[in-house]
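S.K.: Residue numbers (the working numbering), protein chains in the order written: chain A, 358 to 640; chain B, 358 to 640.
It should be emphasised that the hints constitute simulated quantities derived from the structure, not laboratory data. Glycine included, each C-beta is placed from N, C-alpha and C at the ideal position. No false leads were mixed into what you were given.
Taking beta-carbon pairs under 10 Å as the criterion, some of the chain A residues facing chain B (in silico):
id, residue
1, Pro471
2, Glu481
3, Ser488
4, Ser490
5, Asp491
6, Gln492
7, Tyr494
8, Pro531
9, Ser540
10, Lys551
11, Ala555
12, Asp559
Taking lysine to any residue pairs in the SDA-like style, the calculated list, with each CA pair at most 25 Å apart, reads:
id, chain 1, residue 1, chain 2, residue 2
13, B, Lys383, B, Glu445
14, A, Lys365, A, Asp561
15, A, Lys551, B, Arg558
16, A, Lys423, A, Ser402
17, A, Lys551, B, Lys513
18, A, Lys508, B, Ser548
19, A, Lys513, B, Ser554
20, A, Lys579, B, Ser548
21, B, Lys513, A, Ser525
22, B, Lys551, A, Gly581
23, B, Lys551, A, Gly516
24, A, Lys513, B, His549
25, A, Lys579, B, Lys579
26, A, Lys637, A, Asp439
27, A, Lys612, A, Ile569
28, A, Lys637, B, Ala463
29, A, Lys574, B, Asp559
30, B, Lys637, B, Gly417
31, A, Lys551, B, Gln511
Number of protein chains: 2
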Amino acid sequence: MAELIDGKQLAKKINEQTKASVTVLKARGIAPKLVVIIVGDDEASEIYVRNKHRKAVQIGIISETKRLPENTTQAEILSLIDQYNQDETVHGIMVQSPLPEQIDEAAITRAILPAKDVDGFNPENVGKLYSDSDQNYPVSCTPKGIMTMLKAYQVKLAGANAVIVGRSNIVGRPMAALLLNASATVTVVHSHTKDMSAYTRDADILVVATGIANLIKGDAIKPGATVIDVGMNRDANGHLTGDVDFDSVQPVAGKITPVPGGVGPMTIATLMQQTVELAKWSE
Amino acid sequence: MAELIDGKQLAKKINEQTKASVTVLKARGIAPKLVVIIVGDDEASEIYVRNKHRKAVQIGIISETKRLPENTTQAEILSLIDQYNQDETVHGIMVQSPLPEQIDEAAITRAILPAKDVDGFNPENVGKLYSDSDQNYPVSCTPKGIMTMLKAYQVKLAGANAVIVGRSNIVGRPMAALLLNASATVTVVHSHTKDMSAYTRDADILVVATGIANLIKGDAIKPGATVIDVGMNRDANGHLTGDVDFDSVQPVAGKITPVPGGVGPMTIATLMQQTVELAKWSE
Numbered sequence: 358m359a360e361l362i363d364g365k366q367l368a369k370k371i372n373e374q375t376k377a378s379v380t381v382l383k384a385r386g387i388a389p390k391l392v393v394i395i396v397g398d399d400e401a402s403e404i405y406v407r408n409k410h411r412k413a414v415q416i417g418i419i420s421e422t423k424r425l426p427e428n429t430t431q432a433e434i435l436s437l438i439d440q441y442n443q444d445e446t447v448h449g450i451m452v453q454s455p456l457p458e459q460i461d462e463a464a465i466t467r468a469i470l471p472a473k474d475v476d477g478f479n480p481e482n483v484g485k486l487y488s489d490s491d492q493n494y495p496v497s498c499t500p501k502g503i504m505t506m507l508k509a510y511q512v513k514l515a516g517a518n519a520v521i522v523g524r525s526n527i528v529g530r531p532m533a534a535l536l537l538n539a540s541a542t543v544t545v546v547h548s549h550t551k552d553m554s555a556y557t558r559d560a561d562i563l564v565v566a567t568g569i570a571n572l573i574k575g576d577a578i579k580p581g582a583t584v585i586d587v588g589m590n591r592d593a594n595g596h597l598t599g600d601v602d603f604d605s606v607q608p609v610a611g612k613i614t615p616v617p618g619g620v621g622p623m624t625i626a627t628l629m630q631q632t633v634e635l636a637k638w639s640e
Numbered sequence: 358m359a360e361l362i363d364g365k366q367l368a369k370k371i372n373e374q375t376k377a378s379v380t381v382l383k384a385r386g387i388a389p390k391l392v393v394i395i396v397g398d399d400e401a402s403e404i405y406v407r408n409k410h411r412k413a414v415q416i417g418i419i420s421e422t423k424r425l426p427e428n429t430t431q432a433e434i435l436s437l438i439d440q441y442n443q444d445e446t447v448h449g450i451m452v453q454s455p456l457p458e459q460i461d462e463a464a465i466t467r468a469i470l471p472a473k474d475v476d477g478f479n480p481e482n483v484g485k486l487y488s489d490s491d492q493n494y495p496v497s498c499t500p501k502g503i504m505t506m507l508k509a510y511q512v513k514l515a516g517a518n519a520v521i522v523g524r525s526n527i528v529g530r531p532m533a534a535l536l537l538n539a540s541a542t543v544t545v546v547h548s549h550t551k552d553m554s555a556y557t558r559d560a561d562i563l564v565v566a567t568g569i570a571n572l573i574k575g576d577a578i579k580p581g582a583t584v585i586d587v588g589m590n591r592d593a594n595g596h597l598t599g600d601v602d603f604d605s606v607q608p609v610a611g612k613i614t615p616v617p618g619g620v621g622p623m624t625i626a627t628l629m630q631q632t633v634e635l636a637k638w639s640e
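Bound conformation, chain A alone:
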C-alpha cells in the first residue's frame, strides 16, 4: 500500500515558510505584491483567482485582482501589463487562463517582464529552465511544486527513470526539464505514443498530466514507483478525480498523491513562494 504524499500538509508548511519570508522582506522595506489579471467571466477561473487572492492575503502578500470584461482587446491587456511591468511595487504578474479567443495568449506571455513572470511562461524563463541556467528565474508552478514534493518525500531523482505522461507547456515539458536538470533519465509520452504502458511500467517516478480521468491503472505501474497525479477531472456526480486510477494504483505504488489534496495545494503554495522569490530577487 503506497504512502500518501500529503500535498495539503506540505503546502501548509511551505505557506508558513513563505509567510516568514514576507515578514523578513517587509522589515527590509519590500512588500511582495502579486497582480492577477482575469478576463471575462469563466466560472472556474473566478474560483481559482479568488483562492489565490485569499491565500496571498493570508500569507501577507499584497494581492491585486484586475478584472477585465470579456470583450477586452489585446492592446488593452498589453497596455495594462506594460503598466504593471513599470510599477516597481509589483513583483509578480499573471494572466489567468483561459483567455477569450480574440487574445493571443503567447503574445501576452511574452509581454510580461521575465523578472515579474510569476507563472514562468515567458520564453526567456523557459529557455533558462531548459538550459539549466545557474541564474535565478521563475518556473511553472505546478512542476516546481511537484519537485518540492519529491524532495520533501526524499524521492531519489539522480539516475531514476522518470516518465511524464503529457507534453503541455504548463506541466509536461517543464516537468521534463526539471527532472532532467536533477539528473533523472526522462521520457515524455503523449497521445502519439504507441503502447504507453510499456513506458509507464518501467517508471520509478511517474507524473501524469493528461486531463483524462483514471487513464493510468494499477497494471501500468512499477511496484514501488512514486506516482504524481496532476489531473483534476470532475465526474458526472461532480466528484473530483485524477488522471490516475487511485484504487488500483495505490496497492502497487510506493508513494502516491491523492486528488484532491496532492498537487493542487502545492501549485498555489508554489505561486505564493515564487511571488516572494521574485520580490527578493528584485532587490
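Let chain A serve as the given structure and place chain B on it in line with the hints.
M.R.: Relative to chain A, chain B alone:
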C-alpha cells in the same frame, strides 16, 4: 545492412537551396551577413571558423570573422556584440566556443539579440523551441540539421520511439525538444542513467551525442533503427571516429550516419541556411 545517410550530399543540396535564397534576397536589396567572433587561438576553433567563412563566401553570404586576443575582457566582447546587434547590415552573430575562462559564456549568449542569434542559444529562442512556438526563431544548428536529415530520409517521427544519448544544451536538449514537437516519444539518457542499453535497444530513432568514442555497439541497437552519430572523436592515430561503433551497428540498423560525412556537414549547412532565414525574417 543499414542505408547510409549521406550528410555530405544532403548538405550540398541544402547549400544550393541557400545560395538560391541569397540570390532572391539580394534582388530585394538584402545581403545576408554573418559575423563570427573568435577569442584566443584555439587551433580547432580556428579551423571551424575558417570552414564557416569559406562556406559562407561560396554561398554568397557576406562573412566577417572578428578575431580577438586571448586576454579580451567580457566587457569588450559585450560591447562588440552590442555594436553588431545595432548594425542593420548584420543578420547573424555567433561566438565560437570555447571561450577563455575570464568570459561568462552564458552572459555572452544572452547578449546576442534573439533575432540575430544564429546559434539559437539565447534563452528566448530556447524557450520558444521548448514551448513549440509558432513564431519564427533560430534553433541550435546541429539538431536542426539532424531534423533536416530525418525528413530527407523519410524517417517517420510521429509516434516513433526516439532516444537521445547526452543532455547538452547544444545537441541533446534541443534535439529532445525538436523530436517532441514532431510528436515522437522522447527519452533523454545520460551519464546518470542506469542500464543505458535497455533504452537504446528500444529506440526507433537513436541520436548519440556524448563525445565518447564508439560508446554505442551493435548489441545496443534495435534492428532497423535510424542511428544518428553526432560524435567527432579523434583516435590515437588522428583518425576521426563517432560515438557509435559503426562496424558493429551498421549490420543491425536500418539507416545510419557515417563519421565523417554525416552530421558534420549538415551542421555547417544549417548555419548558413539559418543565417539566410534570419535575414529573411528581418525584412
